[in-house]
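Enquirer: Make a model of the complete structure from these sequences and hints.
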Amino acid sequence: MSIYVTHPEAREIVFDFLSDYNDPSLLGAFWVTIKLTLLSGVGSLIWGTLLAAMRVSPVPLMRGFGTVYVNVVRNVPLTVIILFTSLGLADIFGVTMGSKVFETRDFRLAVLGLAAYTAAFVCEAIRSGINTVPLGQAEAARAIGLNFSQTLRLIVLPQAFRAVIGPLANVLIALTKNTTVAAAIGVAEAALLMKEMIENEAQTVLIGAVFAFGFVVLTLPTGLFLGWLSKRLAVKR
Amino acid sequence: MTEVSVAKDDVAASGDLVVLKDVNKHFGALHVLQDIDLTITRGEVVVVIGPSGSGKSTLCRTINRLETIDSGSITIDGKPLPQEGKELARLRADVGMVFQSFNLFAHKTVLENVMLGQIKVRKADKKKAEEKARQLLDRVGVATQADKYPAQLSGGQQQRVAIARALAMDPKVMLFDEPTSALDPEMINEVLEVMQQLARDGMTMIVVTHEMGFARSAANRVVFMADGKIVEEAVPDQFFSAPRSDRAKDFLSKILHH
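These protein sequence lines map, in sequence, to chains A and B. Numbered by our numbering, the letters in the first sequence go through residues 1 to 237 in order. Numbered by our numbering, the letters in the second sequence go through residues 238 to 495 in order.
It should be emphasised that the hints constitute simulated quantities derived from the structure, not laboratory data.
Once the Cα atoms are required to be at most 27 Å apart in a straight line, the calculated DSSO-like pairs of lysine-lysine come out as: (1) A/Lys35 - A/Lys177; (2) B/Lys491 - B/Lys466; (3) B/Lys258 - B/Lys323; (4) B/Lys345 - B/Lys364; (5) A/Lys100 - A/Lys35; (6) B/Lys466 - B/Lys409; (7) B/Lys365 - B/Lys385; (8) B/Lys466 - B/Lys316; (9) B/Lys363 - B/Lys409; (10) A/Lys236 - B/Lys345; (11) B/Lys363 - A/Lys236; (12) A/Lys236 - B/Lys385; (13) A/Lys231 - B/Lys385; (14) B/Lys357 - A/Lys236; (15) B/Lys364 - B/Lys323; (16) B/Lys369 - B/Lys357; (17) B/Lys345 - A/Lys231; (18) B/Lys360 - B/Lys409.
Expert: Below, the structure is given as structure tokens:
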């Protein structure tokens, strides 16, 4: 490696292949990865929280739905779910996600699939967080007249979230890497570009290293930041 | 038959705040509450004592339906205890509860703990709620701790905040479920003093406790429970000096001779 670094010319030749990729560019592809991660991250957080609420609700039908959803979705490979959004939802059921442009449609379908899949893990992380909140907290909330939804929203979930920031960071990191599966339905994110480069260029190991580095740059700070946040927001008992 | 009994209840309802009738409850095979009949009148302070496992905490918790009952009826201020939903939440707001383990909301400050119910249940505006919360915290002697989190307070302080939190809802009756059992000995008195003051102010109170001194000085009536039954009811002086049942005699002999 050292010769690449010390000889400007050598470096130029080795990294030359990158300049051939302008649409999408390396940064452009990673930007799509980031958008996939953020959008499906927010989606899965909302849907996962709702699922967790269902799983602890007093209504048997909701509990049943939550349980079945989580156990089905987390046990199906993500590739199958992502392929289903495109081949099933879009091609058979005509779900277009509000766009006739294939690129936009597939991007949105990928967000939907990723969110639906990740929500199952978010749900279970939050549910384990709910279990760390002492029963007395909910009893005290009910005793001052809060109803089920207020007790959950104001007392139980805020404490549950703080307890599971660490596990949620794991889920988010996994999600970041799982976005590569969106390549299966042609979303132009980092992994699709990598595949294309590997097919066209000679420096396969280097290409792999560049993309690996790109993902580490995305996930490492996420983990560090959320780890710090988790300590800062921990509920003292 | 029912019509007659309802009519009778209505006459009695004027002074009766909490009425339990033929209340039964099981935990699996364990019959924890057996045919409980108990009437608490407005302004009365009733202390429930008895050996552990006698059902006194369960009794206390059935009154705001933190525990359901298998049969019988509980009425509060003339209204039967609702099964669930909005009605039940409204009723619980009228019944203050203080727990053995304080159960202050761990992620909220002391002040927020006392404001929350006022704002979310009573729909008070924020300024009025804060004013009232500070007043109540002052009344229970922890005004200076308002901005701290529960974990930063001593047990005695936490329990006094819990009392303030319950009082903030302007309850008709206060339930105390062994409020001093989790406290270090030197903190028991500060909590009991607040409770004594409440009793003097005319609050209706149902207190499950092992503090015989409190029972003697603050109670209008002592209810002695054993094995899920109310064994004896009497005014404190009579109960402590001349218990009628063997079970009560036995219990008192074990706790009063140290």
